[in-house]
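Chains as they are written, first to last, in my numbering: chain A, 1 to 288; chain B, 1001 to 1434; chain C, 2001 to 2276.
Just so you know, these hints were derived from the structure itself, not from any lab. Bear in mind that the values here come from a model prediction, so they are computed numbers and not experimental data. Hints are all accurate, no fakes.
Here are some, though not all, of the chain A residues that point toward chain B, as calculated from beta-carbon distances under 8 Å:
#	residue
1	L41
2	M43
3	R44
4	S62
5	V131
6	P146
7	I148
8	L150
9	T151
10	S235
11	G236
12	Q249
13	T252
14	D253
15	S254
16	Q255
Even glycine gets a Cβ: it sits at the ideal position worked out from N, Cα and C.
What follows is the residue order along each chain.
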Amino acid sequence: MSTNASRSAARVMMAPAVILLLGWMLVPLTMTFWFSFRKFLPMRGGDLGFAGFDNYVRFLTSSSFWPAVQTTLIIVISVLVITVVLGILLAMLLDQPMWGQGIVRILVIAPFFVMPTVSALLWKNMFMDPVNGLFAHLFKAFGAEPVIWLTDAALPSIIMIVSWQWLPFATLILLTARQSLDSEQMEAAEMDGAPLLKRFWFIVLPHLGRAITVVILIQTIFILSTFAEIFVTTSGAFDTRTLTYLIFQRITDSQNIGLGSAGGVYAIILANIVALFLMRIVGKNLDA
Amino acid sequence: MKLKNTLLAATALSAVSALGVQADVITVATVNNGDMIRMQGLTDDFTAKTGHTVEWVTLEENVLRQRVTTDITTKGGSFDVMTIGMYETPIWGANGWLVPLDDLSAEYDVGDLLPAMAGGLSHEGTLYAAPFYGESSMVMYRTDLMEAAGMEMPAAPSWSFIAKAARAMTDRDNEVYGVCIRGKAGWGEGGAFITAMSNSFGARWFDEDWNAQFDSREWSDTLNFYVNMMNDAGPPGYSTNGFNENLSLFQQGKCGMWIDATVAASFVTNPKDSTVADKVDFALAPDNGLGVRSNWLWAWALAIPAGTQQEAAAKEFLEWATSKSYIELVAAKEGWANVPPGARTSLYKNPNYMAVPFAQMTLDSILSADPTNSTVDPSPYVGIQFAAIPEFAGIATEVSQEFSAAYAGQQTVAEALAKAQAITNEAMEAAGYR
Amino acid sequence: MARSNSMQLKMLTTVAAWSIGLMIFFPILWTILTSFKTEAQAIASPPLFLNFDWTLENYQVVQERSNYMRFLWNSVFIAGGSTLLGVLIAVPAAWSMAFVPSKRTKDILLWMLSTKMLPAVGVLYPLYLIFIELGVLDTRLGLIVVLMLINLPIIVWMLYTYFKEIPGEILEAARMDGATLKSEIFYVLMPMAVPGIASTILLNVILAWNEAFWTLNLTAAKAAPLTAFIASYSSPEGLFYAKLSAASTMAIAPILILGWFSQKQLVRGLTFGAVK
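Let's have the full structure, built from the sequences with the hints guiding it.
Written out as structure tokens, the structure reads:
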């Protein structure tokens, strides 16, 4: 159906988006790349000359690098697992007939509308505070010693906050996908006497495959750059420093732009590895 | 409110046009602390006097620091006046990023600034920021609990007395903890406290060749003393407590003693917020018999970034906000206990102010702090709870995170110190000191 | 028998769904409740649920201290502006990807998504310098462009998946009738794509509204949106839970209300092609 004319028209129509994104990627990236090879210390007079691979070596050999990569992956993977699993269960539940379905759906999607800074502040102060937090009161009411969340369980706490924010998104997409499942197919399976678990495993789950892929792809993109939740709650203490946060510390706290930029280049490499990995799956699952 | 503003602006404008002075709009970045919020509320007075209007950018401390640092290092020019601390001022001043304050008006009376504050906000004798309020640290304690424990607080206590009193006052069943101290990660939070405390134990950050000193006996003594005392007599989760958390604990009557910034005194003695307002007294920060006390010195100050288009108006604002008449304005509206403390000598000669219960102890604490001579053994840096070098904030944040992990019991004191040593030397090498 | 069984089941699912829904919503509810307490009541032990003296004091304090309307308008402008600009640029791109696909379409699409993985902090310094150079620091325009670029990949992708579901035969029929490219897009495609575009706009307004790194770092006084408004109420000295709650409620209320009213719209298009 596509003629040569429509092909060139298509190219023209795609051009603005592609050129803009290319510029958005290349200009700051080139600058980051440039800085990463400079000894660039704004507090000590700015650009102090060529540094070779010093910044790269230093960032990689720093005692904080591998723990940061590990923390990043733990956060991304845990949040994905939690939101997808709970999302599927919630989607199944919300799909059942019930009273007030609309209101329940509103309640469930609400966290998605809360800005990350606000949600981090609320969780930190009003729930996880060891003295005045609601959890502390709850524990005391049951005669237990309150957990000091952001110290003793800092990483799980952050994972919980981020999951709370993204669960609605996962649930919504999965719910829409679940509702698109042919009800005749389900009824036929029911007639055949297939037990609930079997029906779920062999009919529902495969049907949700694409939706799960989409959830994973989109959430990974956003969760990789998790920042506000860490900045507000622990500032990277107690093993919650992600790669993003480590770069932030190098650039703003240590004021070492060269070192931070080298970290930025590593982060881009890591993101691309993850992206490649994801696209393998997505490419298979989405006939884009 | 709106109408009043419009009226004020209108009168100001007519006054200005009569005088033929230009009315400017200046952007002021500041911290969301109570004294600054009060200043924001009094902007009308500034506008009425000068005709200039003010755009406020009020941010939480960490966000503010990040914002103004990015802006000054890139010469972004987003702000005409910045609120910065005693740590940033000499470094930025040395880099030529701040407008030198060497031509302030005679009426402003620079000589009246407390010498410790003016000294800390200068580089090579030139003042680069005007102190809005200044603070040291001291012991705030509950007289009733001290009495119940059968002890008496000396005016200048030692660490061994504090530890003993803290253990005696602790009553965990009733949620009363002998001593509340910051343990929260961050160089301006727990990092500031432990550094000031370590000074009194004879420790220092660097030797004269910029080698990290965390492998020293003095640091290990400091940290072990702190951890033992806090485990026995501190509140649960003290490793995440900063100024705010401790303030709210103390106000709720859950702390026997609290060692922190002198500005806290006006909060804990304010009956509106504090349940223990009438049972608080003060003492100097403790020492360890080595001739150095564990109190720090800090000022929040106003500075003008070099290159601003509104330098004249910015300077007028800076003079207004840190002037004697501003103090009187606050006193008239909110009472003497609420004026910004610790900046001017004349304030501590004012009998009205000296009647405030914490005035004398605040002054004594400030006077006993000496940033140029803060450690027992000689050190190459200036500053008490920090070392005034550009790399310090980054290093100390990470070091204090290791300390906080030790407070939380996630690693031993020895492990934390070993990591601190590695982090510091690593960073100092990256910056080219070693 | 069967009926009472299904009634029982419905009852059970209702109870389960409502409890879970309320649990997920509780933090927001608690914040709204706290915003009507005094500071002392906000930290009272045991916590007060409904039995406190409701007060509007916190909202008054916040209103007096900050120019809420200005922050709000900046948020509206920036979120709305960046989304509309993004959609304008993305519609033609998504159209050509969906209807004139080539071998590289998939690669381009995935590449676009991968630009979203660049860590923002890594380019803070370069971007700040660019902004100074262009004189767009602390302007709404600067933020609109940056947020548009950040969300453009998502917009293109959402629209693409939506356009793909429009059967090609309709377009062919239109072409048979002699429709030009322009009229094909405006009279045939657009009406069918309206729901998809609507939900794309909604999702991206939410994302832009909640973006907190660039909006905070590239603004000062003039263009600061609600994310900066919040930063002036987090952790000051003294008690702050009630005031923070009031400020938080004010910051999230507009988008929450928008989201609730338009949730049906939002959900319809929020499939990213996952539904077949």
